[in-house]
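> Each chain, written out:
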Amino acid sequence: AQSVTQPDIHITVSEGASLELRCNYSYGATPYLFWYVQSPGQGLQLLLKYFSGDTLVQGIKGFEAEFKRSQSSFNLRKPSVHWSDAAEYFCAVGDNNAGNMLTFGGGTRLMVKP
Amino acid sequence: DTEVTQTPKHLVMGMTNKKSLKCEQHMGHRAMYWYKQKAKKPPELMFVYSYEKLSINESVPSRFSPECPNSSLLNLHLHALQPEDSALYLCASSQQYQETQYFGPGTRLLVL
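Chains as they are written, first to last, in the working numbering: chain A, 1 to 114; chain B, 1001 to 1112.
Source of the hints: derived by calculation from the structure; they are not laboratory data.
Hints should not be assumed to be uniformly reliable.
[Stated by the list, open to error] Taking lysine-lysine and the BS3-like style, the derived pairs with C-alpha atoms no more than 27 Å apart in a straight line are:
1) K1040/B <-> K61/A
2) K1040/B <-> K1053/B
3) K1018/B <-> K61/A
4) K1040/B <-> K113/A
5) K68/A <-> K1041/B
6) K49/A <-> K1018/B
7) K1038/B <-> K49/A
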């Protein structure tokens, strides 16, 4: 069965600093990988996704993620964080043998210091 | 346009009430999903509809009853809920069964 681990429950960064959120997955084949962001009390917004091809994926709001098969990782990055980026971030893997059912990681809460 | 709408935004109900949650999308998506999300936890899949037919029920108690009247609309009927059912209920849709899922803003449910 697939699984997703987000090792960092909380991360605090200063506004303007760079950001990297870690995601490790366990899946037998080439996974479909997603990053979603959730502001308090809101739904999930898709930041970016990886299905195949170029392993560096660009998303919305200046985010990017890199798929590294050798490390089973799909880390999310942003060069300069804005206060509005404070939110919960979920990494997810889709099982392309089961209708792309999503398995979510536990989430990382990002706090941004002024 | 990747908008999924959900109503109501908030709902408070007693354990003997019957209520319904509504989800709508006009993107032509043929798969729709219900998730339950407890505080500080990731979403948990409840139901999947594909082409208006229930294709996945993740062993959800019968007090939750989904309905897909047409390809744009998904309902979740609630009856005799328990306080532990209080959560954020999220709807999502995707073009096809195996495509990217887009989420609505959720309905915050409180069961008293």
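> A separate judgement is required for each hint: does it hold in the structure or not?
Status of each hint after checking the structure:
1. K1040/B <-> K61/A: Measuring from Cα to Cα gives roughly 23 Å; hence the hint holds.
2. K1040/B <-> K1053/B: Violated, at roughly 31 Å.
3. K1018/B <-> K61/A: With Cα atoms ~41 Å apart, K1018/B and K61/A exceed 27 Å; violated.
4. K1040/B <-> K113/A: 21 Å, holds
5. K68/A <-> K1041/B: Distance ~26 Å between K68/A and K1041/B Cα, so the pair holds.
6. K49/A <-> K1018/B: 38 Å, violated
7. K1038/B <-> K49/A: 24 Å, holds
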